[in-house]
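Chain by chain, the residues run as shown.
Number of protein chains: 4
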Amino acid sequence: MGMVGGGLTSFIGPVHRKAAGIDGEIELVSGAFSVVPGESKATGEALYLNPNRVYETYQEMFEKEAKLPASERIDFVSVVTPNHVHFGPSKMALESGFHVLVEKPIAFSLQEAKTLKKVVDKTGLILGLTHTYTGYPLVKEARNMVAAGKLGAIRKIYVEYPQGWLSTLLEKSGNAQASWRTDPKQSGMGGAIGDIGTHAANLAEYITGLKITEVCAMLNTVVKGRHLDDDTSMLIRFENGASGILMATQVAAGEENNLNIRIYGEKGGLEWRQMEPNTLVVKWLGRPMEIIRAGQSYLSDDAKAFTRTPAGHPEGYLEAFANIYRAFTKAVRDYKPGKKINYTKYDFPDVEDGVRGMNFVQTVVKSANSSKKWTPLK
Amino acid sequence: MGMVGGGLTSFIGPVHRKAAGIDGEIELVSGAFSVVPGESKATGEALYLNPNRVYETYQEMFEKEAKLPASERIDFVSVVTPNHVHFGPSKMALESGFHVLVEKPIAFSLQEAKTLKKVVDKTGLILGLTHTYTGYPLVKEARNMVAAGKLGAIRKIYVEYPQGWLSTLLEKSGNAQASWRTDPKQSGMGGAIGDIGTHAANLAEYITGLKITEVCAMLNTVVKGRHLDDDTSMLIRFENGASGILMATQVAAGEENNLNIRIYGEKGGLEWRQMEPNTLVVKWLGRPMEIIRAGQSYLSDDAKAFTRTPAGHPEGYLEAFANIYRAFTKAVRDYKPGKKINYTKYDFPDVEDGVRGMNFVQTVVKSANSSKKWTPLK
Amino acid sequence: MGMVGGGLTSFIGPVHRKAAGIDGEIELVSGAFSVVPGESKATGEALYLNPNRVYETYQEMFEKEAKLPASERIDFVSVVTPNHVHFGPSKMALESGFHVLVEKPIAFSLQEAKTLKKVVDKTGLILGLTHTYTGYPLVKEARNMVAAGKLGAIRKIYVEYPQGWLSTLLEKSGNAQASWRTDPKQSGMGGAIGDIGTHAANLAEYITGLKITEVCAMLNTVVKGRHLDDDTSMLIRFENGASGILMATQVAAGEENNLNIRIYGEKGGLEWRQMEPNTLVVKWLGRPMEIIRAGQSYLSDDAKAFTRTPAGHPEGYLEAFANIYRAFTKAVRDYKPGKKINYTKYDFPDVEDGVRGMNFVQTVVKSANSSKKWTPLK
Amino acid sequence: MGMVGGGLTSFIGPVHRKAAGIDGEIELVSGAFSVVPGESKATGEALYLNPNRVYETYQEMFEKEAKLPASERIDFVSVVTPNHVHFGPSKMALESGFHVLVEKPIAFSLQEAKTLKKVVDKTGLILGLTHTYTGYPLVKEARNMVAAGKLGAIRKIYVEYPQGWLSTLLEKSGNAQASWRTDPKQSGMGGAIGDIGTHAANLAEYITGLKITEVCAMLNTVVKGRHLDDDTSMLIRFENGASGILMATQVAAGEENNLNIRIYGEKGGLEWRQMEPNTLVVKWLGRPMEIIRAGQSYLSDDAKAFTRTPAGHPEGYLEAFANIYRAFTKAVRDYKPGKKINYTKYDFPDVEDGVRGMNFVQTVVKSANSSKKWTPLK
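Residue numbers (UniProt numbering), protein chains in the order written: chain A, 1 to 378; chain B, 1 to 378; chain C, 1 to 378; chain D, 1 to 378.
FYI, nobody ran anything at the bench for these hints, they're computed from the structure.
Any given hint might turn out to be false.
[Unchecked claim] No farther apart than 20 Å at their CA atoms in a straight line, the calculated lysine to aspartate or glutamate pairs in the EDC-like style are these:
{"id": "1", "chain 1": "D", "residue 1": "Lys-41", "chain 2": "A", "residue 2": "Glu-25"}
{"id": "2", "chain 1": "B", "residue 1": "Lys-41", "chain 2": "C", "residue 2": "Asp-23"}
{"id": "3", "chain 1": "B", "residue 1": "Lys-224", "chain 2": "A", "residue 2": "Glu-239"}
{"id": "4", "chain 1": "B", "residue 1": "Lys-372", "chain 2": "A", "residue 2": "Glu-214"}
{"id": "5", "chain 1": "D", "residue 1": "Lys-372", "chain 2": "C", "residue 2": "Glu-214"}
{"id": "6", "chain 1": "B", "residue 1": "Lys-330", "chain 2": "C", "residue 2": "Glu-45"}
{"id": "7", "chain 1": "A", "residue 1": "Lys-224", "chain 2": "B", "residue 2": "Glu-95"}
{"id": "8", "chain 1": "A", "residue 1": "Lys-41", "chain 2": "D", "residue 2": "Glu-25"}
{"id": "9", "chain 1": "C", "residue 1": "Lys-172", "chain 2": "D", "residue 2": "Glu-266"}
{"id": "10", "chain 1": "D", "residue 1": "Lys-224", "chain 2": "C", "residue 2": "Glu-25"}
{"id": "11", "chain 1": "B", "residue 1": "Lys-340", "chain 2": "B", "residue 2": "Glu-95"}
{"id": "12", "chain 1": "B", "residue 1": "Lys-41", "chain 2": "C", "residue 2": "Glu-25"}
{"id": "13", "chain 1": "A", "residue 1": "Lys-330", "chain 2": "D", "residue 2": "Glu-45"}
{"id": "14", "chain 1": "D", "residue 1": "Lys-172", "chain 2": "C", "residue 2": "Glu-266"}
{"id": "15", "chain 1": "D", "residue 1": "Lys-224", "chain 2": "C", "residue 2": "Glu-239"}
{"id": "16", "chain 1": "C", "residue 1": "Lys-224", "chain 2": "D", "residue 2": "Glu-239"}
{"id": "17", "chain 1": "A", "residue 1": "Lys-224", "chain 2": "B", "residue 2": "Glu-239"}
{"id": "18", "chain 1": "B", "residue 1": "Lys-172", "chain 2": "A", "residue 2": "Glu-266"}
{"id": "19", "chain 1": "C", "residue 1": "Lys-372", "chain 2": "D", "residue 2": "Glu-45"}
{"id": "20", "chain 1": "C", "residue 1": "Lys-330", "chain 2": "B", "residue 2": "Glu-266"}
{"id": "21", "chain 1": "D", "residue 1": "Lys-41", "chain 2": "A", "residue 2": "Asp-23"}
{"id": "22", "chain 1": "A", "residue 1": "Lys-172", "chain 2": "B", "residue 2": "Glu-266"}
Build the full structure now, drawing on both the sequences and the hints.
What follows is the structure, encoded as structure tokens:
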């Protein structure tokens, strides 16, 4: 594994490295960690890497790694840079023969995303996307329950992603995370909607298996002086006639990372909260509510395959992240040139999800700027 | 106290009677409990009332009671009939010289509500409205916290009222509650929006002290064969620039009566849930979350005045209901003909709230039928 | 209904009156509310009672009430005085022909309790005891589940009653409640053990239907200067071989009234917490946990008979208290002189529970003073 | 790093490996994974190890590793075998010059534990013990709060460790984990008390900084046919006069791994639950309860040093485990022959905790067999 981005001040870089390290199946051997001169080398040293395989640019990295013997060179690269540097390295990596695991959103614009999709299709290589939250075992259990019809036809879907960390103008106080995420030049056309709204939409579509077909959105920039939206709420409609609400905000002061979803069908509803991810609440019409717990013997094989500890030994965010790596690298190991990968079998977010996410952002921005109630999402 | 409606099969009648009975300050002495022949008498008997003061119609009741000596006749009447019979008895009671406590919504239409307002203004008598949920002590505490600026300027308001009891076509199976609530002739132009959506709107405006100025609403009839909406979601905007979401549904299968509200300001947020009403969660930016509990010595006098038991001895729905009675009857006792009542001092929902609620329902229905995104709520 | 005790500064008097008032079935008409000169009259006035039936002493009350016509005089009396004045009025009431509902503990000593039992047996009248917590609907549901064998044979029972209100020497600061409860002359030989430990023991025996047969107890006076225990922990054994722990403390600073119980059998366990009394958690071996909720249609008739509101409209402490009144007065209404009452049918704590409680206190004190591990509880 | 035990069917072996892998600071390079012929090799292969460094016995491993150049050989060894094979490899590892991280309990008997202590003292090498639960950041925060006197003098300590997985005679159904843990020849004199009771005692002493001085214990073998205790409850006293309860059971059907602790001082109490480890509840006398959350900026440096993700991105059991590795390996890196290690600085359980744990087990068994109430724990 190689890495683009993830230098010493990065938030998500270490998360990727820890997640990749948990199962002992992946070794980081190469990286172009930063465009700040010297920082890539420094990061490589801190990570005990062979300095020969630590590069100043991703271009150099892909060129040189591609020339190494197959048994030695990296199999895939993780792209963990800010949004505006997702496309470049991902495209070049694929074109240099490396599989790619890229942070979400997949690109800076829908256009870039669609281009990447073409490159994936052309090269036949694997592109994974870290919509981390679908990596949780009970999210998979929830999806299985819906697919098995346990809730009956789905009627209502409420998905929320409240955070509070951007309640003040943090980007003006030297916070690196806040700076790039609120900068349209680095983040793209969406602030909160791109950063966390896409996770919410992805989670809703993943669990229900239903596509959002229309949105009626409000985008706000609540904190004065900010250059991108930090708050969104929208009414949503799904392909089967279900409807609901999607909310994502970064100005809910006091909230941490409170992604949650509630889904109601004819027979009952389910509720999952990322901050207590090992519990899935199922409410039934006319019989007692059930609490489903990670690690239990009664879970589906899909949930079990992504669990590392017995019930009552909590797993968390890093393990969910590691599950994306587990599924992606399983596909990478099974990859055979010229043979199409069956994404369903491996269960990780891919280039389709990436295009979908960019499309979602663009449509929400369009809806927010429109005085018409509904805007279709194709 | 007299009562109109609340016969033997009524849900809300017994709730009113129990709530009125808790504090030992109010005695039910008269009633016109039902239009079903004989049922009013039967109800009176079951309640140990003097049969001479149990009437077949509210008209008869007000006529005869008005002729009794002042020391003997009822002081006020509770109107607990279905929506389409709120206006008639309320108006006649006022015009007969009785104060009125009426179930919400105050009337069948905005027009009726406005007429009632005029009657209240003209007679100078007191009209209270059982928006029960504002009777909870911690709702009052929340309002105090917001008013005191503890959260800073309010930015986001999310209020939800999910129920699941109308997930099936219950009205076709002989359920009396379901029947009239889903019948436009008895319920009015709104189903879920009138029955529970108004509670949600009232709660949000009560706690924040802010008026909703615009709505962007979706109204759905989810269960086939139903004649009124059973589900609504809307984006909302408030007078100070805050925005949020209001959701009310009766088809969230497995939900009981899960009214809840979250309010975020610049410095923190608060969260209250009706199903665990003795707990108020306060989340702060940069310091530990606090759990405020009913019955504690640190609460405001407003909250304390509406609490009957020490901390840890839970109070519930009947006590909240009793608080509406407590505040209303306090005003009734203080009433002096010709002197205007200071509603703020007593803190119970009044005719203004009633008009506001009907206006809200009408505006939401208008918005739902419009292809424009926003509809003003005046 | 008449009342002994419950003057203006009483905590439990108003609780009794509110509980008795909820269902509109009981009318307080008489009282000897206080031994403080004038306070009884003042209380009667505040309660709108006929002054002729407000007495300075309970002796006067029983003498005069007994002479009233049957249709007019009180049916029963509630004794809500401090512990050392439970025996006198209860005995005299019974001997004057009145049924009695007495606060727990039933008496000051085991000897008194046994004497009362004899008076009950001799008069054939009804004595109820306000072990309030068994009045909660879900406590009854829990008892039904255990009796029906749903958990299999019971193995472990953990019951706790932590409070924190006596964490300081409150009795020295003029707090009336603290004063008599920590005074051996008014409270008896037990402090926390008598005040709340008996509730815990009663709850455990009520739900499981099993008697405690042995205790191994530690009694502590944690706060310096206090004259009675304020804290206890004990190992306990039950008649069927089950074992467990009983804890009761009034110095768990920050706790409110956190009575809770967990019971485990061969197949699963259940957990109930008084502070969220409308929820019963059932944990199963090998299948999802269930959350049972008050007011739901799937509950047993026993639980339903003691519920006043639909699911999601929370009930609390006053309603539980009202359930003791409801069951007790049902028996009082059915009472026929000379005919034995079937206590099981009515389901309220009675004189047997009272004797049992005093025996428990005496045994725990004995165990605490012993260097032997186990002391039998007969 | 090398490993003794942890073959393909091991529960705790993979946990160690995953925990060691998270931070990318530790590399497993050698192992004697099993005494089952061939399994050690097979495990090594599955872990991509160099087969030359995978051994059939730990004796062979220590001999050969000791002869490798310092830059190449293992720095330390993790001993993850069943209890009866903790002593042998730990002792030999130390005597061969390797630091040791050993699973708890440190040994099969108190005698072995004391011998190990002597070897540690003599060699000056580092021995760590995986009392995992003290690795959680909020456990460290709790300890800091107590040490800083925020709760005032500690009065009551309640620690519980309920599990339900041994509710049936699982050891007879071929479950490898159940088999050795219920076998006195592999597990030692204690069943539940050794397996999980020691964790509870360690946690209580760790957070409070107080030693248990006396126990009054009941040990039960609840499931018929089992050869060791599966359930214990005890009253405990601490050196400062505080008292409390320790409960540990493996027959609480439906419980997962519900270790939890509540500690009350003069001013308030705190509560932590392993199954939701990122939340620390603090209850205060006379002011609102506080919820302290992992990853927040207001935490102590001690807690922050052991956190990997921002607030709201939950951490779990593997991260707590990784924290033991992090602290232990920090000490290993700082180790200089002849220089004494300052254990307080690194904050991981060591040989003293190991001796303490064995002493605790032995004392509890003694107490359980005694008819005297209290048995001192020295």
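Hint-by-hint comparison with the structure:
no., hint, in the structure
1, D:Lys-41 - A:Glu-25, "18 Å, holds"
2, B:Lys-41 - C:Asp-23, "19 Å, holds"
3, B:Lys-224 - A:Glu-239, "18 Å, holds"
4, B:Lys-372 - A:Glu-214, "15 Å, holds"
5, D:Lys-372 - C:Glu-214, "15 Å, holds"
6, B:Lys-330 - C:Glu-45, "18 Å, holds"
7, A:Lys-224 - B:Glu-95, "53 Å, violated"
8, A:Lys-41 - D:Glu-25, "18 Å, holds"
9, C:Lys-172 - D:Glu-266, "17 Å, holds"
10, D:Lys-224 - C:Glu-25, "53 Å, violated"
11, B:Lys-340 - B:Glu-95, "17 Å, holds"
12, B:Lys-41 - C:Glu-25, "18 Å, holds"
13, A:Lys-330 - D:Glu-45, "18 Å, holds"
14, D:Lys-172 - C:Glu-266, "17 Å, holds"
15, D:Lys-224 - C:Glu-239, "18 Å, holds"
16, C:Lys-224 - D:Glu-239, "18 Å, holds"
17, A:Lys-224 - B:Glu-239, "18 Å, holds"
18, B:Lys-172 - A:Glu-266, "17 Å, holds"
19, C:Lys-372 - D:Glu-45, "59 Å, violated"
20, C:Lys-330 - B:Glu-266, "55 Å, violated"
21, D:Lys-41 - A:Asp-23, "19 Å, holds"
22, A:Lys-172 - B:Glu-266, "17 Å, holds"
When held up to the earlier numbered hints, the structure conflicts with 7, 10, 19 and 20 and fits the remainder.
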